[in-house]
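Student: Throw the hints in and build the complete structure from the sequences for me.
For the record, the sequence lines run as chains F and Y.
Under the working numbering, the first sequence has 356 at position 356, and the numbering climbs by one with no breaks.
Positions in the second sequence are counted from 1; adding 1000 to them yields the working numbering.
The set of hints was computed from the structure by calculation and includes no laboratory data.
Glycine included, every Cβ here is placed at the ideal spot set by N, Cα and C.
Treat each hint with caution, since some may be false.
Short derived list, chain Y residues pointing at chain F, Cβ under 7 Å [to be verified]: (1) ALA1038; (2) ALA1111; (3) SER1159; (4) PHE1160; (5) LEU1172; (6) PRO1175; (7) VAL1235; (8) ILE1239; (9) PRO1307; (10) ALA1315.
Letter by letter, the chains look like this.
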Amino acid sequence: MKQFMTFVKKEFLHIFRDPLTTAILLGLPMLMLVLFGFAITTEVKNTQVAIYDPSRDAATEAIINKLRANDYFVFKRYLNSPEEIETAFQRGEVGLVVVFSERFYENLLHTGEAQVQLITDGSDPNTATTLTTYATNIIGSYQQDLLQLSGVPYQIVPQIKLLYNPQMKGAYQFVPGVMGMVLMLICAMMTSIAIAREKEMGTMEVLLVSPMKPLVMILAKTVPYFFLSIVNLTNILLLSKFMLGLPIAGSLVWLVGISLLFIFVSLALGILISSMVNTQLVALLISGMALMVPIMLLSGMMFPVENMPWFLRAISNVIPARWYIIAVKKIMIEGLGLSSILKELAILGGMAVFFIAVSLHKFKNRLE
Amino acid sequence: MLKFLIEREFKQIRRNPFLPRVIVAFPFMALWILPMAANFEVRNVRLSVVDNSHSTYSSRLVRKVASSGYFKLANLSSNYSQALRDVELDRADVVLEIPPRFEENLVREGASSVMISANTVNGTRGGLGSAFLASVVGDFAAEVHGEWRQGTGTLAVPSFGIVPQFRYNPHLRYPVFMVPALMVMLMTLICGFLPALNIVSEKERGTIEQINVTPVSRLAFIMSKLIPYWIIGFVVLTICFGVARLFYGLIPKGNLYTIYLFASVYVLALSGFGLVISNFAKSIQQAMFMMFFFVMTFIFMSGLYTPVNSMPQWAQNVSIFSPLKYFILVMRLVYLKGSGIGELTVPFGALCGFALFFNTLAVVTYRKRS
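Tutor: Structure, rendered in structure tokens:
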């Protein structure tokens, strides 16, 4: 035990004698959480709308008023001819163009051939479908009004209730993802150089001839970084709650509990990388660059995992951040208890054991 | 002199067991696989149905919803709290609850209601799912109403059609949008990280001392670091073009040389930035953390994944300083809309500005004395 504590002390000294790096390790996560927490969102609001309306009658006016009364859309201007649609898109001044057919109200009453065209820039499919769906619903409600006025039977009124996030804030979806990404990458990067640096500096030899057991050495390496990460976690939770406005609907104890487990898994992953490579350069390229891409794209922080082909879902399942993000959403936003995150806890626990076991196996206590 | 320095850089890269693989295999694999994941599309929304009515109309409604192609019937629950548990355990996204007197109300009073509860932790999924469910319910009402009209011979009711049209990407294919932008991300990772780690690892290894005592000028030294990554950038970009063509059938509508022109300026800007970081950092760890922070910020502020227009105003202002933003914009415009250099003068100017600024800074901040 005394041996262990001495080793932990040595690791602490490594960190604190390099104040600039320590400042970076503590400052970056906060900066990234705030920056990305605010910036990453797919909320569509205040979209500029241009309208081409050759009819200018009571019905088109009512529809336009409905669109204008909404937060999603801002009326930009009327177009004078259909040719202007193309230029409006190319200049990027509008996100949606609404085109009414001629003699709209008349056709609406008699022939049933009245038509509204909703034209969006399809380059970004997500924004395009979101805009189209919202506009369709708003315009469709005018149709409902008409039916109600004329007293037509067989109406079904859908009452929509939005659970957990009634204001549809983008932060609720993306901030847990940013938390998972930042914690995992920072933790893995911190420990990934731990063993590689000793190898590169030649101090590994000294350690290998000491009576320390590999397991003790590995655990001792994680302890100081674990403490640093607790500071980071505290900052991250405080910022999420008080700056990004996320609720902590469930139990704080379990939130902290699963976060600590996740931090340990990430640190262990860093150790694993460190024990497999020989230089800091490669260790950092793997933990920083090569891990960053799958975490951003496959962990479910941004893109829904359900949409992916099976082999990408399989990769997604082995990314610790995926399970952490699910658990954080359940506890923080949905306010669920321990019984709902048992699966995530078990998976993360299994990953921790696995990473430590493989690092031990890969840890060479012989010089080549 | 410069020639030998560049030769030295290439030899170092070639003799590293890891780097050549990163440069060739990483962009190839990443661009092949990642676009399959980068997809915000909302489909297969899982639906839990609570049918309290058990009537002909209610089961017809459920069948219509299930066959709309948009929803996947996850569960038929006997009550609302059971359906809510499905949502909590992430087995369902949306709950459709049909009230007990659904059919009676519909037939006798001419109006009825249904309850739609959507999990909006994922706002896009919940919002679009519930909106779409509402419109299917509306369609169902129109269908029932049409039958009644035919039966009684009443005149048509006032109605109009709503027709969506998507410009530039009519089938809303995600790869069309993501592949050109992911190319930029991959170039950024390779041509940003590698130079950032380059000078600082010479510092750690001590070989920088040898350079410092030679008559090599600061400019020549920085050039010798820059040019190899410039060439590597072209290799990466060409691999990306091949992958986009081969796996996603994507060919730019505009001119390929326009992209190469922008890429040449972009890589210069980015590698210059990497070298600046490398000059400032005292250890590989510091360099990596700083570069990591800036690259992540550049990526997330660039509009690569989420639109810049959705960000709060201050974040939109920050995004002006992301070189990625301009190159991604150019890539998408050239690939999708076929824009030429004439329409792209603003991003070109911005990228030239970045290149000039970072590289001047790289030369100035490189010190031969410690």
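Student: Give a verdict on every hint.
Tutor: Taking the hints in turn, this is what the structure says about them:
1. ALA1038: Interface hint status for ALA1038 (chain Y): holds (6 Å vs cutoff 7 Å).
2. ALA1111: holds, 4 Å
3. SER1159: holds, 6 Å
4. PHE1160: holds, 4 Å
5. LEU1172: At about 4 Å, which falls below the 7 Å cut-off, the nearest Cβ of chain F leaves the hint on LEU1172 (chain Y) intact, so it holds.
6. PRO1175: violated, 10 Å
7. VAL1235: violated, 17 Å
8. ILE1239: violated, 16 Å
9. PRO1307: It holds, given that the least Cβ distance between PRO1307 (chain Y) and chain F is near 6 Å, below 7 Å.
10. ALA1315: ALA1315 (chain Y) check passes; min Cβ-Cβ to chain F is 4 Å, inside 7 Å.
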